[in-house]
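Q: Below, each chain spelled out in residue letters.
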Amino acid sequence: MTYLIEGRDGPWELVVGLEVHAQVISQSKLFSGASASYGGEPNTHVSLVDAGFPGMLPVINRECVAQAVRTGLGLKARVNLESRFDRKNYFYADLPTGYQISQFTHPIIGEGAVEIELADGSTRMIGITRLHLEQDAGKSMHDQDPARSFIDLNRAGVALMEIVSEPDIRTPEEAGAYLRKLRMILRYLGTCDGNMEEGSMRADVNVSVRKAGEPFRTRCEIKNVNSIRYVMQAIEVEAVRQVEIWESGGSVDQETRLFDPVRSETRSLRSKEDAHDYRYFPDPDLLPLVIGEAWVQDLAAHLPELPDAKRQRFQDEYGIPRYDAGVLVAEQATADFYETVARGRDPRLAANWVIGDFFAALNRTGRTIQDSPISAAALGGMLDLITDGTINGKIAKDVFEEMLASGETAAEIVERKGLRQVTDTGAIDAAVQAVLDKNPDKLAEYRSGKDKLFGFFVGQVMKAMAGKGNPALVNEALKKVL
Amino acid sequence: MSLDPATVRRIARLARIGIDESDLPALQRELNGILGWIEQLNEVDIDGVEPMVGTGHAALRMREDVVTDGGARDAVLSNAPDAAGPYYTVPKVVE
Numbered sequence: 001m002t003y004l005i006e007g008r009d010g011p012w013e014l015v016v017g018l019e020v021h022a023q024v025i026s027q028s029k030l031f032s033g034a035s036a037s038y039g040g041e042p043n044t045h046v047s048l049v050d051a052g053f054p055g056m057l058p059v060i061n062r063e064c065v066a067q068a069v070r071t072g073l074g075l076k077a078r079v080n081l082e083s084r085f086d087r088k089n090y091f092y093a094d095l096p097t098g099y100q101i102s103q104f105t106h107p108i109i110g111e112g113a114v115e116i117e118l119a120d121g122s123t124r125m126i127g128i129t130r131l132h133l134e135q136d137a138g139k140s141m142h143d144q145d146p147a148r149s150f151i152d153l154n155r156a157g158v159a160l161m162e163i164v165s166e167p168d169i170r171t172p173e174e175a176g177a178y179l180r181k182l183r184m185i186l187r188y189l190g191t192c193d194g195n196m197e198e199g200s201m202r203a204d205v206n207v208s209v210r211k212a213g214e215p216f217r218t219r220c221e222i223k224n225v226n227s228i229r230y231v232m233q234a235i236e237v238e239a240v241r242q243v244e245i246w247e248s249g250g251s252v253d254q255e256t257r258l259f260d261p262v263r264s265e266t267r268s269l270r271s272k273e274d275a276h277d278y279r280y281f282p283d284p285d286l287l288p289l290v291i292g293e294a295w296v297q298d299l300a301a302h303l304p305e306l307p308d309a310k311r312q313r314f315q316d317e318y319g320i321p322r323y324d325a326g327v328l329v330a331e332q333a334t335a336d337f338y339e340t341v342a343r344g345r346d347p348r349l350a351a352n353w354v355i356g357d358f359f360a361a362l363n364r365t366g367r368t369i370q371d372s373p374i375s376a377a378a379l380g381g382m383l384d385l386i387t388d389g390t391i392n393g394k395i396a397k398d399v400f401e402e403m404l405a406s407g408e409t410a411a412e413i414v415e416r417k418g419l420r421q422v423t424d425t426g427a428i429d430a431a432v433q434a435v436l437d438k439n440p441d442k443l444a445e446y447r448s449g450k451d452k453l454f455g456f457f458v459g460q461v462m463k464a465m466a467g468k469g470n471p472a473l474v475n476e477a478l479k480k481v482l
Numbered sequence: 001m002s003l004d005p006a007t008v009r010r011i012a013r014l015a016r017i018g019i020d021e022s023d024l025p026a027l028q029r030e031l032n033g034i035l036g037w038i039e040q041l042n043e044v045d046i047d048g049v050e051p052m053v054g055t056g057h058a059a060l061r062m063r064e065d066v067v068t069d070g071g072a073r074d075a076v077l078s079n080a081p082d083a084a085g086p087y088y089t090v091p092k093v094v095e
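As you go down the protein sequences, you meet chains A and B in turn. So the first sequence is numbered by the working numbering: it starts at 1 and just counts up by one. So the second sequence is numbered by the working numbering: it starts at 1 and just counts up by one.
So here's chain A without its partners, still in its complex pose (with noise of 0.2 Å):
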């Protein structure tokens, strides 16, 4: 699909291109041995480091590089054996060094992929330029005195990956499918809990517009978008910003914009003048970074299945459409339930109940796969119910609703309710007999060829068994006797 934003004259093209920050789940910080978790009191989970003492020196924790090398492996990328640390320095008071720990001219990963799907079912690769480790800053709060800023360091010196894009994205769209996949993979991953709300993943956004063919033109940097939904719009109204200026004669400035969503509108954020003059230079703290190559083998073996690789599997082994295996691996806790229910069974069964039934029953009840009112074992329960001919499909959807309400089990359910499926033929000839009887000017319009009756008489010998005929007998015994 192209996505061309119409200008006075012709048409323009979108050039995208994503830094995404993922804060690193890990028990404490990259450098200091405070607490990495969220929601302390203010400045208590903090060390000397992250308040930036004098004479303080960072140390590096072992399982944040890992999970740098985890998610650089699920990313399909390349890692580099030895990277280093570089001081990135800026003015600021939630940055009590005076300067962010990163990684500027080695990064621990280097170039990878992402592959996109769209709502077209197309597929696109979506290259990944690098990957570094890097310090958070703390947070700073302007409303609580009229004069004064508020600041809580405990988020500061945390862990981030950042994870930067080429600019290969061409459409709103495919930034959300990018976001929307990086954050499955590093769910998955267990590596960043992909949680945009909460402020643990943010986006940057360059966006940049070029005639077709064109190289690229200047881009502007809209900062620190904190969901997809706005990373989407904020895209789409900076680019029209562009094409606007570079009509009526303008030039794009590089600078630092924010989006506002309330009025639709991206704003320049930063004086221009000395911004990104960050004056890199190398960390004298910090030794170059060095893993063993066994030790990245090692990660690599332990990594769970991605979701790729799972949906590829769930088409291959449970021979379900590609559509519906995409649905299940959206999170890895609605695949593990879809395996639970699937395991033994008819899996296209099992698909269709989670992902239509199942599905409905958690958005109506408001609940989430892990408090869910009905067990994988409960309705894998149930669909042994149908497989084995003890209700039909129509009943299953009863019982299913009861299993919700009552937490009983299907076999519960119908043993109590007396729901079982009704084969015996004499019983359905007799019922088939009885609607007959009560219909003979349906009887007569049938016979003169109104053929589209069967229905009817399906549903009315159904309707006199009270749901419980085998549907394949009342069929059968109907087409007998009509």
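Everything labelled a hint here was simulated from the structure, so no lab data went into it. Where a beta carbon is used, it is the ideal one built from N, C-alpha and C, also for glycine. Check before you lean on any hint, since a few could be wrong.
[What the hints assert, rightly or not] Listed below are the simulated SDA-like cross-link pairs for lysine to any residue, each with C-alpha atoms no more than 20 Å apart in a straight line:
(1) A:K139 with B:R73
(2) A:K88 with B:D82
(3) A:K223 with B:R16
(4) A:K88 with B:R16
(5) B:K92 with A:K442
(6) A:K139 with B:V93
(7) B:K92 with A:L436
(8) A:K139 with B:A72
(9) B:K92 with A:F91
(10) B:K92 with A:K480
(11) A:K139 with B:D82
(12) B:K92 with A:P146
(13) A:K139 with B:I17
(14) A:K139 with B:T89
(15) B:K92 with A:S140
(16) A:K88 with B:A12
(17) A:K139 with B:P81
(18) A:K480 with B:T89
(19) B:K92 with A:K88
(20) A:K223 with B:V93
(21) A:K442 with A:T423
(22) A:K139 with B:R13
(23) A:K88 with B:R13
(24) A:K139 with B:G71
(25) A:K88 with B:A15
(26) A:K139 with B:A12
(27) B:K92 with A:A444
(28) A:K139 with B:A80
(29) A:K480 with A:A444
(30) B:K92 with A:K450
(31) A:K139 with B:D74
(32) B:K92 with A:R148
(33) A:K450 with A:L436
(34) A:K88 with B:L14
[Unchecked claim] Ranges between beta-carbon positions, derived for each pair:
(35) A:P146 with B:P81: 12 to 22 Å
(36) B:A59 with A:A377: 45 to 55 Å
(37) A:D253 with B:I46: 49 to 59 Å
(38) A:S227 with B:D74: 32 to 42 Å
(39) B:A15 with A:G199: 22 to 32 Å
(40) A:S122 with B:V49: 46 to 56 Å
Go by the hints and put chain B onto chain A.
A: What follows is chain B alone, placed relative to chain A:
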């Protein structure tokens, strides 16, 4: 390499050091003196020599991922000139 007055002014601003216009010539002279001294290193032939980033072949030592620090707010805030409750405060910064 020689710094002009504008560059000296810019370096001072990036470092958030306020300098008087009348101090510029002296600072420019001092900085250029330092740079000139360092530039003697350019006389060394380093073709084919890997950049040295530390002594020996030492690599970064890693620590285990356990919480060993924190919970010392008083110490953390001990040098804060204007703490408010559990927070540092600074003159309001709003972008």
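Q: Decide, hint by hint, whether the structure agrees.
A: Structure-based check of all given hints:
no., hint, in the structure
1, A:K139 with B:R73, "16 Å, holds"
2, A:K88 with B:D82, "27 Å, violated"
3, A:K223 with B:R16, "24 Å, violated"
4, A:K88 with B:R16, "15 Å, holds"
5, B:K92 with A:K442, "83 Å, violated"
6, A:K139 with B:V93, "12 Å, holds"
7, B:K92 with A:L436, "85 Å, violated"
8, A:K139 with B:A72, "18 Å, holds"
9, B:K92 with A:F91, "14 Å, holds"
10, B:K92 with A:K480, "87 Å, violated"
11, A:K139 with B:D82, "17 Å, holds"
12, B:K92 with A:P146, "8 Å, holds"
13, A:K139 with B:I17, "25 Å, violated"
14, A:K139 with B:T89, "11 Å, holds"
15, B:K92 with A:S140, "10 Å, holds"
16, A:K88 with B:A12, "17 Å, holds"
17, A:K139 with B:P81, "18 Å, holds"
18, A:K480 with B:T89, "88 Å, violated"
19, B:K92 with A:K88, "23 Å, violated"
20, A:K223 with B:V93, "18 Å, holds"
21, A:K442 with A:T423, "26 Å, violated"
22, A:K139 with B:R13, "25 Å, violated"
23, A:K88 with B:R13, "16 Å, holds"
24, A:K139 with B:G71, "18 Å, holds"
25, A:K88 with B:A15, "13 Å, holds"
26, A:K139 with B:A12, "27 Å, violated"
27, B:K92 with A:A444, "88 Å, violated"
28, A:K139 with B:A80, "16 Å, holds"
29, A:K480 with A:A444, "16 Å, holds"
30, B:K92 with A:K450, "82 Å, violated"
31, A:K139 with B:D74, "18 Å, holds"
32, B:K92 with A:R148, "4 Å, holds"
33, A:K450 with A:L436, "15 Å, holds"
34, A:K88 with B:L14, "12 Å, holds"
35, A:P146 with B:P81: 12 to 22 Å, "19 Å, holds"
36, B:A59 with A:A377: 45 to 55 Å, "50 Å, holds"
37, A:D253 with B:I46: 49 to 59 Å, "39 Å, violated"
38, A:S227 with B:D74: 32 to 42 Å, "38 Å, holds"
39, B:A15 with A:G199: 22 to 32 Å, "30 Å, holds"
40, A:S122 with B:V49: 46 to 56 Å, "50 Å, holds"
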